[in-house]
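A.B. asks: Sequence:
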Amino acid sequence: MSPTHLTRIAPDEGRESSFFTSIRELEPHTPAGTNPEKNVALENLSCDTYVPPWTEPYVIGVAGFSGSGKTSVSERIISELNTPWTVLLLFDNFYKELSAAESQQAFACNYDFDTPNAIDLDLVVEKLTLLKQGKKTDIPVYSFSHHNRTEKKITIYGANVIIIEGIYALYDQRLLDLMDIKVFVDTDLDVCLARRLTRDILYRGRDLAGALRQWETFVKPNATTSVYPTIRNADLVIPRGLDNTRAIDLMIKHIQKQLTLKSELHLARLKLLGRGVSFDVSRLANLKILPVNNHTAGIHSILFDVHTGRTDFIFYFDRIAHLLVEAALDTLQNYSPKKVTCANGYTFDGVVQSLELVAVSIGSIYFLLDAQIISGAGAVMAIQVLIDHKVEQKNIVLISYLLTEIAVKRILNVFPEVTIVVGKISNTDSPDPAYNQEGFKDADWPFRTRFVDLLYFGTA
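Under the numbering used here, the first residue of the sequence shown is numbered 109, with each subsequent residue one higher.
No wet-lab data here; the hints were simulated from the structure. Each hint can be trusted.
Computed Cβ-Cβ distance ranges for the label pairs, DEER-style:
(1) 557 to 389: 22 to 28 Å
(2) 282 to 163: 15 to 21 Å
(3) 366 to 461: 53 to 59 Å
No farther apart than 30 Å at their CA atoms in a straight line, the calculated lysine-lysine pairs in the DSS-like style are these:
(4) 379 to 243
(5) 243 to 517
(6) 379 to 502
(7) 370 to 498
Just so you know, these numbers come straight off a predicted model, no measurement behind them. C-beta: ideal position from N, C-alpha, C; glycine also.
Let's have the full structure, built from the sequences with the hints guiding it.
C.D. replies: So, in C-alpha cells, the structure goes:
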C-alpha cells in the first residue's frame, strides 16, 4: 500500500502508516442488489417504532393422541429448524392442581387426566399470550410422580419460535387464534398404547395393571370423543408420526420458508429506522462524543495504524475505553457553570454540582458496551430487552468506540431518551468537521468491519 494514499489521524499533517486510507477510492462500497420478488411492502411499515422479533414469534401447535409421537415430532422440528430461542411448551405442565381426594385417586390410577377439564386451559392461553407479546413468562412444572405442581418455575423470554404440544393443543379456539400453523399427529391407537405403557412404567413409576386400567377407563374413550375431533382444526395431518418422514420434511420446509419471510420483514423494518431523520449533533444533548484533542487524536492514530502490534493495540484501546467510561460516568452528575474569583482577583470559569446529594440512592443505571456499532440493530435489540425488563430509557447509557451516523439515527429515533457516549462517529454523506475531521463515512471499511474485536482478541 502506497504511503501517498494514507490519511493520518494525528495532530500533524504527516502521511505515514495510518490504518485509514482513501478506502472509497481503493475499495468502493457497492450496495447489494435487490430482488423484487423478496421485497416487502415497506411503504406500509412505520419508521418510527421498533418491533422486536420476539414480539412476533412463530407459533406451532402440535396435537394428537397420548403416545402418538407429538413430542418426537416437536423435537424433530426443533432440530431441523436449528433456530435460537425456540421454546417447547408442554401441556403436561398445565394440569390443574389436585385436591387431597383427587390426589389419592391419581395415585390409584383412578383420576381422569385425559379430559379437557383436567388441564388449566385458561393458564395456557394466558402464558402463550404473554409469550406472543414478547413478555417474560414463568411456566409451571408438573410432577407426575407427586401428581402436583412443583415449586420450580421455568422462565421464558424472547422466543422466536414457540411449539405448543399436547393432546388438546388444538381444542381451545383462543389457542387456535394464536397459532401460525396447526399440526395433528395421527397414529394408530394400538401403537399409542404400546408407547404409553413403556413411558408410564419406565419413566413415571406406574405399574402395568394401573396403566392398562387408566388406558381403558380414561385415555382411549377421551381419545375418540374429545381428542380426535380436533383433527378438523389442523392445517396439516401427519399419519404415523415420526415414521412419516416425507410429511415431516414438507412441514419443516414450509415452516423454514415462513421464518425466512419473517426475518426479511424484520430486516426491512430495521432499515427503515432513522430514514429521513435529520442529524445535527449540536441538538442531541444525550449524544456525548469524546473531545477532539492531541490526546484522543494520538490514540486514534495508533489504533488505526496498520502496523500497530496487538500488545500496543490492547494497551491503547484500554486507554480510550477508560476515557469513554469516565465520560459515561460524568453523565450521572448534574453540573452547572460557575465563575470562581481567586485570591489575586483573577476569575476562573469552573463547574459546580447543581444538586446536593446526601446519601440518596440513585437506583440502577445500566451501561451497554460495544466496541463498534455498525447498523445499530444489535444495540436496538439490547436496549429493547432492558426496556422489556422495566428499565427506563433515561437510565440506559450506551458506550461505543466507533459508531456510524445511521446507527445513531436508528437508536435515538426509537429510544430518544437513551444516552450515547462514543469515541468517533462517521457520517452518511457530508462529513462534519466539528467531530469528523478525517471525513470518514459509514461505508468506509473501518466503520463497516468489526476490526476492533478481531485485533483485540487476536482472532484476526
